[in-house]
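The lines below spell out each chain.
There are 2 protein chains.
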Amino acid sequence: MVDSNEIRELLPEFPAGPLDEFRGKASFDWRKLKLFLEPKDVILYKKRFVEALKTDPIFNEEETQHDEIRRISAHKIRRMNEIPEFHADFSGNLLKLGVFPEVLNLADPSNLVTFMVNRNLYTSAVEGLGTEKHQHLVKAIEESKNFGCFCMTEIGHGSDTKRLKTKATYDAKRRGFVLETPDFEAAKCWSGLLGQLATHAVVYAQLYTPDGCCHGFHQFVVQIRDERTLLPMSGIVVGDMGVKIGLNGVDNGYLLFDKYFVGKEALLNRYADVTDDGEYVVLVEDPKRMFGAALATLSEGRLKIISLCTAFLIKAVTIAVRYAAVRKQFGPSNQEEISIIEYQTHQHRLLPYLSAAFVYKVFSAQILRKHASECSHPGYGYEIHAISSAAKPVASWFLMEALNECRQACAGHGYLKSAELGDLRNDADANCTYEGENHVLNQQTSNFLLKIWPKVLKGEHIDFPLESINFLSDIQTIMNFRVNFNSYEEFIHPRHIIDMYRWLTVHLLKASYDKYEASMEKTKDAFLSKNDNQVYFSRRLTIIYINHYILQTFQREMSSITDENVHEVMRKVFALYALFVLEKHIGFLYSGGLFVGGEPGTLLRDSILRLCHDLKDDAVTLVDTIAPDDYLINSFMGKSDGKVYEHLQKQLPVPNARPTWWRELLTPSQSKL
Amino acid sequence: MVDSNEIRELLPEFPAGPLDEFRGKASFDWRKLKLFLEPKDVILYKKRFVEALKTDPIFNEEETQHDEIRRISAHKIRRMNEIPEFHADFSGNLLKLGVFPEVLNLADPSNLVTFMVNRNLYTSAVEGLGTEKHQHLVKAIEESKNFGCFCMTEIGHGSDTKRLKTKATYDAKRRGFVLETPDFEAAKCWSGLLGQLATHAVVYAQLYTPDGCCHGFHQFVVQIRDERTLLPMSGIVVGDMGVKIGLNGVDNGYLLFDKYFVGKEALLNRYADVTDDGEYVVLVEDPKRMFGAALATLSEGRLKIISLCTAFLIKAVTIAVRYAAVRKQFGPSNQEEISIIEYQTHQHRLLPYLSAAFVYKVFSAQILRKHASECSHPGYGYEIHAISSAAKPVASWFLMEALNECRQACAGHGYLKSAELGDLRNDADANCTYEGENHVLNQQTSNFLLKIWPKVLKGEHIDFPLESINFLSDIQTIMNFRVNFNSYEEFIHPRHIIDMYRWLTVHLLKASYDKYEASMEKTKDAFLSKNDNQVYFSRRLTIIYINHYILQTFQREMSSITDENVHEVMRKVFALYALFVLEKHIGFLYSGGLFVGGEPGTLLRDSILRLCHDLKDDAVTLVDTIAPDDYLINSFMGKSDGKVYEHLQKQLPVPNARPTWWRELLTPSQSKL
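Which chain is which? The protein sequence lines are A and B, in order. Those letters in the first sequence? Residues 1 to 673, by UniProt numbering. Those letters in the second sequence? Residues 1 to 673, by UniProt numbering.
None of these hints come from the bench; they were simulated from the model. One should not assume that every hint holds.
Taking beta-carbon pairs under 8 angstroms as the criterion, some of the chain B residues facing chain A (in silico) [to be verified]:
| no. | residue |
| --- | --- |
| 1 | ALA26 |
| 2 | THR345 |
| 3 | TYR536 |
Note that CB positions come from ideal geometry on N, CA and C, so glycine has one too.
Let the hints inform the model, and build the full structure from the sequences given.
So, in structure tokens, the structure goes:
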């Protein structure tokens, strides 16, 4: 334990201001909750990291134009190798693994994406799929001698990787591969760093041996630009994708090969190779196990996205909740104005998202921790694939919903760019699409669940290492569950909430499976039958399945909280998020027969409103507990001192200035500017 | 009627391309549907208007930087007075009144906002609230000699206009008013054109007579900048709000008065005045009637926003539907890839929004027409206030939902700025906030409805001119309505759909009123009781009330369609939008007892999916019918020729170019850039 003086030094008071009144109303000690969420070394590491960014000129350049954004972004990529916090020892504490992307993501989301492409995507592919001879490439990245990118997606194919059209044909005479882009639709695209910086690329291409046989897609590592001139190699056509909705610091690019020859060593040959004469050789004994491992690797990117979404969510609710406490408007007849957080509508707009921020914070840290410790377990690859393919969509969709609500809840002043909610939304939006389009990913999870159902019916024991779906072993208890309680206290009890989620998972899984079976009888085609089954069942199923798992994880962690007040407020947070999500699926609770008559619906709605009301006085302090440093908030509305109007006044463009072009307006209109 | 050669000349074929296949599948003649939606003169006017914009260099400048956006925007404001289409005679055809903002809104949303501020908001205030002596100011606007803005909102007060703090104190000696901004929170803000251009402003201020009496807020028209120098008058502090999430062509500004003296004629004195000696005089006999008229005036801005939202919605679904037809991904085992619009998920993602585009298009035109013809009817002011206060929120929220879905449905390529969906969302976002924050407006509508309910209970006849709520006169029939049908055909019948909406309106109104009454008994305060009642009841009530009215309007118009195929497809469009919205409120259909057991829920969901499936082959042609000109679509993904990849290839930045700053990357990292 940490003693109380030390704690106060570690977590000092927030600056005084209009938020003090709300801080005084909190029912719990925020420092205790903070230390439950983040151990001391994480807090210290985060402080050091923020300080390093705050004091580094390269991370504090003002960016305005597209080209300038890119220039600074390029400098940041190199600088990252020079800041000690980028090399912190992550092995001891896995929470740090989450802290690093959290901080960088808030400081500059583009910067984090480029870092992840260069240092994770490219490097892991070379390390994981290559052999001894490829390892010098990793070192060159770490020394900023090379920049790497990862080229899978093509203009015409993103999700359906089997239909990628880039060709790599082995030429035995020259002992190497000829890379060829047959048409524009086969051009590689969207790869980060490809647009301007990358010197090397990991490229997915269909491998053809000289006998004309296609062996499916393989990965090649190829040099695309000269390191000293940054000019493309001959045979390479490479360019930038252009301006995007957000993340403009990332130089996403496109790439075409014009019979580009690379030596044989370009093939990342850990699992398969081509002999000098052009014979294809498989080097791995158990392809199924390899597939499981591949799934687990793909999952890692998605798990990290959950952390990124959580960091954005925390930032957004921090801004919106602090503003809601400071902003006053209307009031009871002839009385003083009241803070807008006092309004039921406003509580309902924000507090479910605030609750979600805690739930996702705990879940995203836990799942990364489990990923590091349990990934060797059999069955792990399939389960983590199902979890990440549901959790990344749920987290990114929920974030978009939260960002829209927070932006609107901050009304007029929230529409200023400097409120930060617009850029956040524009950047966050990409999470719904990259590392697997959300709807396509959902289908992966529902396929996993549909395969389990027949086993459940046969009474088989369901045993996966992450325990996301093992409760199906006890199917009878779940199906016999009834809502026979009618008080608020019973309704919000974690046990009952978990039971409702389990019941709904089973209901949707059964309905989904039955619909799939019926469709199979008609169409005799699994693809068409799954398609027929998507909207209401499979999609809702994956959402409920993963939310159950998220809540189960949170509940287990919560049970270790010893402080009564902290525990109580976390129970409310748990219940509010859980019931808020459940209410969106109320139609299935009714049509499936768990809810009957007016009472349970009313109880559900009243419970949500009561939780909102009961959490209202804790809202500012909850936000204080998880809020990023003011430097990372970077919004005049969301700072910890709550002085919204003072910050706004200071940042407004100077008054009484004319635009430079004011004279143009006094001359008659011209046909051309 | 128009003969068929003439029709083909008026509405030529679309350019050939990958969309032809889908166009061939349509079940109806798009030209017939087009002429139902837009008469010939509207189509011709729109063509001329688009042509004028397309060929005018000022409307085709490339904008990149903030200051440049502003410069071009300022030129556009002046140019608008020189283009004949801006002066089209709108009196003959009210649809034109909708066409003008529709076209301009798509060409440049900022441009439309500045036009509306300058030519509508400022001018109508001067015309409507002023007297003879103020009319020369209107002429000066039309001749681009002045630019006008409208200053109501203050930094600390937006929605609660009664608490505005700007003061206008009459000084009898100098025969004028001293305008004073007591502190920064009282600074006027967010007014369009105030930031850089406005020479004049209509200002809301609390009027104080020399006896120290405050007579509430009044409007003053004051000069704030010199027309020849664009410098602020002495005593004025005026500046720009800074960069925003969207609409950056609008120079929103802030304004503080430092004991700024204006002559007595600054008071817009149609309804009240101050004598030379400083006595306050009311000039109007029936203040209640005046209040009704004021409500109707405020409504007009909101009704126009519905048209703007509709134009954005049409643009978004045009882009997303055309791309969904062109984009192919996956397919049944061993068969060719299929268009993503063939997937149930994708149909469900887009077709409800496509349907909504038709429903809103018809509604927004009709409500503007009614507004022009019936506004003298007693009770009109209150009803149109209730309608506009519910319809503007519903339209703007639905649009944001649609834009998020369309953006994501266009996946990776949809994240390019040139896809246009990002800017659309950033601009559209403001609709949720200006002309009344959506949640605050909703409360206005629910107040209107809550006042009617006791009359319904007393058996009074409910008679409002727009017939939005008159069905309450027949309360018994509605309350006795039961879902005793179980086929798809019956379920999607317009009569039954309208009945379900009426039942739900009554259910929510009754529940809302009961909760309000119960709360009143406890709190004895109407303000607090209404607040207590907001989230589930009042808000849902206003959504269902207004959707019923929108659907009723659409259904009545639809009945005039004589062509069987066109009528059939519009029936599907009607049902899909209606059921899609209804499904979001399914919890209340169950908890209120209209739905019992699994069957109606299943029928509702299956009907939605079947409608999606049945509309899928018509989707491209439906979009063709309402799509804006390719110039206005301005997106590589949404053009009428469907050549997505060709347009993408053409617009990509040139390959093999280095950034200008490439050398910086080869030298060691510097501490300062």
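- [ ] Please flag the earlier hints that this structure goes against, numbers listed from lowest up.
- [x] 1
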